[in-house]
Amino acid sequence: MTFVRNRWYVAAWDGEIGAGAFSRTICGEPIVMYRKLAGDVVAMRDACPHRLLPLSMGIREGDNLRCRYHGLLVGPDGKPRQMPIVHERVNEKICTPTYAVVERHRFVWVWIGDQAKANPDLVPDFWPCSREGWVFDGGYMHVKCDYRLFIDNLMDLTHETYVHMGSIGQQELMEAPLETRTDGDRVVLSRWMPDIDAPPFWRQALKKEGKVDRWQICHFVEPCSVLIDVGVSPVEAGDTLASHDSGVRGFVIDSMTPETETSSHYFWGMARNFDILDAGVTARLKAGQSRIFAEDIEILERQQVSIAVNPDMALRVLSIDSGGAHSRRVIERLMKQDA
Amino acid sequence: MTFVRNRWYVAAWDGEIGAGAFSRTICGEPIVMYRKLAGDVVAMRDACPHRLLPLSMGIREGDNLRCRYHGLLVGPDGKPRQMPIVHERVNEKICTPTYAVVERHRFVWVWIGDQAKANPDLVPDFWPCSREGWVFDGGYMHVKCDYRLFIDNLMDLTHETYVHMGSIGQQELMEAPLETRTDGDRVVLSRWMPDIDAPPFWRQALKKEGKVDRWQICHFVEPCSVLIDVGVSPVEAGDTLASHDSGVRGFVIDSMTPETETSSHYFWGMARNFDILDAGVTARLKAGQSRIFAEDIEILERQQVSIAVNPDMALRVLSIDSGGAHSRRVIERLMKQDA
Amino acid sequence: MTFVRNRWYVAAWDGEIGAGAFSRTICGEPIVMYRKLAGDVVAMRDACPHRLLPLSMGIREGDNLRCRYHGLLVGPDGKPRQMPIVHERVNEKICTPTYAVVERHRFVWVWIGDQAKANPDLVPDFWPCSREGWVFDGGYMHVKCDYRLFIDNLMDLTHETYVHMGSIGQQELMEAPLETRTDGDRVVLSRWMPDIDAPPFWRQALKKEGKVDRWQICHFVEPCSVLIDVGVSPVEAGDTLASHDSGVRGFVIDSMTPETETSSHYFWGMARNFDILDAGVTARLKAGQSRIFAEDIEILERQQVSIAVNPDMALRVLSIDSGGAHSRRVIERLMKQDA
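Protein sequence lines correspond, in order, to chains L, F and Y. Using the working numbering, the first residue of the first sequence is number 1244, and each one after it goes up by one. Using the working numbering, the first residue of the second sequence is number 1244, and each one after it goes up by one. Using the working numbering, the first residue of the third sequence is number 1244, and each one after it goes up by one.
There could be a bad hint or two in this list.
When chains are identical, the list treats them as one kind, so a pair holds in a single copy or across two.
As the list claims (entries may be wrong) - DMTMM-like, lysine to aspartate or glutamate: derived pairs with alpha carbons at most 25 Å apart: (1) K1360 / D1555; (2) K1322 / D1555; (3) K1360 / E1465; (4) K1336 / D1555; (5) K1579 / E1259; (6) K1387 / E1272; (7) K1336 / D1438; (8) K1322 / D1357; (9) K1322 / E1403.
Hints in this document: simulated from the structure, not taken from any laboratory. Just so it is clear, the structure is predicted and the values come from calculations on it, not from any experiment.
Use the sequences and the hints to build the structure in full.
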């Protein structure tokens, strides 16, 4: 096992789940999801408790799914509502596992592990995705790599130079000092660039001339997310690493839910507090991220294969990897606690 | 091992085997088959005893196959007739395993297991496929599932409602009482519907108005076949479950020969004792079965995958599964005897 | 392990390796190769020592490769020249394994095993590929079989009759006596045909009428090559098996480098000492070999699969297999010495 149990995982975008049955494997468990008539999301093991045909092949009846094989009618609690022989007594011991679900910050989260421990208060705080005055959108990609390779990638800002040579890579970024610190289970990698000229994208967002302070702050949020706080504010505002809301600000949102030990679901997007009604900005940011993340995925999938075919070689940790290395240590510790 | 050894298995339809070498894997053993000049069928391991090239790639010479690699000439008894160096003494110790073959009831049967035990009297009695006054035809499908999932499917008549919603499914069938009994190694699941209106297909076959008795009787015939006795007879004839030849009668023939532990060869067809010279009826029955069985196969292949990805869940047995459950118990017992 | 370590293996044709990074797996080890500015060939493990991305995806800079992930600059000695943060001290302990390389006889050879033992004097002597007065050309094929099946194939001249029925197969060849002898680690299979009419190809090469002596001499050159000495000379020259340079002579060159335990790189060609400036002869020989070897590959790949699916059957050794059997014994002995 390479992932932490007893945690909330992003299973889908809110818009991916509708009335129809939707199947996705989370942490090795095939899960079927759909919205009840009242709108809340159901998640259960995607297998009829009778003969294991995927329930996602079934027929929706009210808030239930009827299995396409023998017609067992399964309720949103995983228990049968009607047996194949309709007049037979319902046997509730024949039921499929269900998953606690919370819909928050535009994502559908499911609890993987002991369902008795599911506590909605433990859903990671992706506040920029749902706060008043902010706007958030993004996309989904399936990636054939261990989710931890993705965390390594996102907790390091230097790879932009080569992976994203044709897009956002800038040699200048390599020169700014980075600071990594661990705060309990959170790892923070930060870069503060005081008193500089704003790059074109940010100048346009700020709508103001003059020198700015600029920041890039990567937060590893266990078990498998990275939120990157980015933005600029006018020098004269005196913003700091701890508090910087005087200018324009965004969050790159990345959650890499394990599918298997060597594949992941990548949920990504951008939240921002400027031009929030401008759908063109939203669309361009999404298109840009999509292009950039495709570049990362090419690298990560090749890296995954290379690790497998070079079993005698180990991943090495350089200074630039401290963000990823600290994050992996948190994951290791949480997996041990769970075991 | 999930199949019974020391048994006859259907390896092919009679029409599939001609003069040319035909290769099929039965119970994990690659077998090459062809007809001798006299017409009888040869079955041997599909590997040259010299360097193991498939003999099915070879060249037919008389009743022998010459290997396409070094030219070893192998006779229908698996022994060499000529060495690669033609004047060298034939070494009969270099031979390929052969299989006992019986051609009966339109099928080519091979004996899997200890060849010394092969007894033609033990070929399952598919009498409707070859009896005077009956006609029989059908087809072949390759299915990626354990043959036992197929037996579960065929020893249950209730799944028709959902799997075959668009074709033969009828809610009414679910209401008729079913009886399961085991008679030695045979399992019989029967449904007797007395004094009813004949459905259109059967009325047309019977060519007679009036109330009928109708039956559906599934026979599990070990190790891997199901014969389903179906038909109607006029009420006034007084037919019974034990004896019902006063009307029209058919047998759905199903033999699911294991290829591997997770794939099967499905030989299916319909034998009947009415309109036996009407090739149009034969063709329509075959086309109809082909459509219906394709619906089953979609379900069975998805079920096989789902079983693999939900290792923590077990197949559960409901009342409707008693036919399959009894059949599996017979298979378990026979596998133990064999071991 | 099915191959001998501490040996030189053909990794590529000279023409396959240029300035760009070229990746090929040799004996299970992914290797990146390229030519330095001075022209000599570099070979190292195809994995960045930092995070294992294939170096073959990298960017050439001078004689170095810069990894496309974080920009680690790796020199031809496998050691870093520059860290991702360019001003950081280079840590030479973070390095990728390198391979000794010799370019000889038109091939690029790499040493697999303990690099300290690499000795250029141990490169197999493919002298006809590089000697004055000879010309050599050929091609490459990827083959999904154990390299030893290929050696069996080449150390036997009788399979031509059936495998190459449509091309070079001749029943007459089967009749000539063969002699196998082992000379240390070399196995020699020879056929001397004295005082015969030259076949058309050789008569044209010899440019002379009259009876000839003809020879076919297969040399197994450990660990994985076969050189086949072929030709004719006028009877009156009195050539012998030991010395036969009075007529025209060629060498079929075959080197089967293991990729994995069940796949190989096949480097093949023809060296000759006649018509050496006639590019048309060279092209026709290459085209002819390409057709013939494709016939062998079809057989060998089917044989590999058949061996896997018939685990209860063993490869048997007939008189015609003595060349291959002796060669396999040499390989077995060398693997034991190495272990």
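Do the hints match the structure? See the list:
no.: 1; hint: K1360 / D1555; result: between (40 Å within a copy, 20 Å between copies)
no.: 2; hint: K1322 / D1555; result: between (49 Å within a copy, 17 Å between copies)
no.: 3; hint: K1360 / E1465; result: within (17 Å within a copy, 48 Å between copies)
no.: 4; hint: K1336 / D1555; result: between (49 Å within a copy, 15 Å between copies)
no.: 5; hint: K1579 / E1259; result: neither (33 Å within a copy, 50 Å between copies)
no.: 6; hint: K1387 / E1272; result: both (17 Å within a copy, 22 Å between copies)
no.: 7; hint: K1336 / D1438; result: neither (66 Å within a copy, 38 Å between copies)
no.: 8; hint: K1322 / D1357; result: within (18 Å within a copy, 48 Å between copies)
no.: 9; hint: K1322 / E1403; result: between (50 Å within a copy, 23 Å between copies)
In terms of the numbered hints stated before, the structure departs from hints 5 and 7, listed from lowest to highest.
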